[in-house]
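Construct the complete structure from the given sequences, taking the supplied hints into account.
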Amino acid sequence: MSDLTIVLRSLAVRRFSTGVVIALVAISAGLLLAILSLRSAGERAFERGTGNAHLLVSRDGSPLVSVLNGMFYANPPKAPIDEKKLGELRASFPWAMFVPTAIGDSYRNFPVIATTPEFFTKFEPVLDEPWKFAEGRAFDKNFEVVIGSAVARETRMPIGSKIVFTHGSHLSREGDGPQMEPHVHEEYAFTVVGILEPTGAPHDRALFCSLESSWVMHAHDRFEREGKHKLVTVEDLEEQDRVVTGVLLRLPSRVPGNAPPALVSQYDRLRRDGTITVALPANEVQRLFGIVASLDVLFIAMAAATLVSSAVAIMLSMMNSMGERRRQVAILRVLGASRGRIFWLVLTESTLVGLVGAAAGVAVCVVALFAATQWMLSAHGIVIAPQLDPRAAVIVAMGTTVLAAIAGIVPSVLAYRTSVARNLRPLG
Amino acid sequence: MHSRVRSIPALQIERLRFAYRAPDRATFELALDSLVLGYEEEMLLVGRSGCGKSTLLQLIAGLLEPASGAIRIGGTDITTLRGATRDRFRGHHVGMVFQTFNLLQGFSARENVLAALLMSDVAKGEWQSRAEMLLRSLGIEQLDARAEELSVGQQQRVAIARALACRPTLVLADEPTASLDPENAVNAVRVLRDACREQGAALLVVSHDPGLESHFARIERLSEVKAQSPSEGAVR
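Protein chains in written order, with my numbering: chain C, 1 to 428; chain E, 1001 to 1236.
It is possible that some hints are incorrect.
Listed next, the stretches of chain C that the computed footprint assigns to chain E, with coverage defined by at least 3 CB atoms under 8 Å from CB atoms of chain E [said to hold, decoys possible]:
{"#": "1", "region": "9–23"}
{"#": "2", "region": "318–332"}
{"#": "3", "region": "338–350"}
If you're looking for bench data, these hints aren't it; they were derived computationally from the structure. Quick caveat, the model's predicted, so the values are computed rather than measured. Positions of the beta carbon are idealized from the N, C-alpha and C atoms, including for glycine.
Structure below.
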């Protein structure tokens, strides 16, 4: 028997209201924690996705759209960059990395990225974290394909599988325009030669093949439209077929960090070219989160308000049980408990409700994060890996407990002031 | 049984005055010039309903503040003690039994007794054995049954065990038989008297039940209460 036993028994006597209040606190704390974790997870996911590219060149409408389409595979870019422009760009500066990409095909709604072998040797999906193969190797021939970890997990395709791509995808809607009609490139089967390890970036949900493979497939479509029925090969490609939708660029740098001195000048130089859109991926991600930051604050404020209202619920629940509690207080006083001890017993009770609620809130948060991750994956194809931030968990748990303790002050004062004589038996 | 200083009475009241206002705004004064109760002595205090019997017990327990006078329990004037010191003193030296038993709801029989020991100066190592010994000696075998699951008679005995848990100098019983039928009332008084005698505690029972008078050798009548209606002004 200890003071804690008295507190626990007191809570157990009112188990229904105690349970409801703890559930309220848990939901509020869990919601706040989930919002904080998702916010940092989203930012992290987007920051990871930009990898080691300093610049992204495309013909999308804006730098932000360019990054969302070119690096996060939100939609296939609309306007292509032709071979001549690609050559000009390549020759304009001694780039440390020059990796063209063509996005437009899909496999079972996973985007297919046509690119060069440098994509696996020079581009890093996450800064300072080069690609790693779980199985197999990078493509070195046409009609070979490397698949991301999420694609491998969901399709269960082993190395050596043969697949065909679809031109367009369910994600191919552009603005308010009509959805692109998917067309299956049945003539060209690709062989899976490599499976990537997870990167925690959108690349995990993509497939990668050579540019020439992609060009050949689309040249075949063009031939069919022109009434020429033959199986197109690399030799049949014309200049109009050799197009890309983006170029990932990296400047040479001898200093540590990811912002070489020449970056600003090259960015300005490329921006003066009105035929292309040039983006600083890291800046665009920050801009995106700057836009949603005010919404974040609103969500956090709403969750915090819910937490405060749950503290009010603790106080109301304790006030509602005051009649019953007064008798218990009077009995304890008769047994020798001081007013101060009674005050602390009641305060401990509300604090304990807050503490248990906060702990349950962490569990609620874990479940909410799992649900949110699954929903983001299935509804938007965005890979977020939310992790419960231990520091945030401690801060929210402590805040919840302190709020609960504050909520317990008024009932504790009332208990402190309880008249023993009046609450045991009427004077007589 | 622990040693008592037998030359000092368990309870000694001198020139006690207490005034209070009833709900109908009439004011009452309780006056008791002298009352002495020795260790292991039993006394029944009778009086008509509303004469201030329960109020006197609350004054003795230090739950109400007298206007004047002294209430000495084992030689210590409880009226001179303040705050937590008085509460601790009550916990250590005074046991109380009520008409409605006032057991802690949700607590088992054992925990009700342990709650009293928690406030006492009895060594923690003795708590469990003392609680079990007291409850078993009073015929309670369902030690872990919740208070509300026990019969009325069992609840009364748990209340008695709790009152005696801290080896009190004095046990105050406020209408202890009012909730019981005549047969159980006689049993309850016998159990209460036997338990107090065994623990060496003085027993002061207040009741308006004339049926109890045959069980006590010493009976006092409380008739010093004077009442004034609101129109008659304040008490003297």
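Hint check:
Check result for the region 9–23 of chain C against chain E: holds, 4 residues qualifying (beta carbon to beta carbon below 8 Å, three or more required). For the region 318–332 of chain C, the assignment as covered by chain E holds, since 6 residues bring a beta-carbon within under 8 Å of that chain's beta-carbons and 3 suffice. For the region 338–350 of chain C, the stated coverage by chain E holds: 4 residues have a C-beta nearer than 8 Å to a C-beta of that chain, and at least 3 were required.
Hint violations for this structure: none, all hints satisfied.
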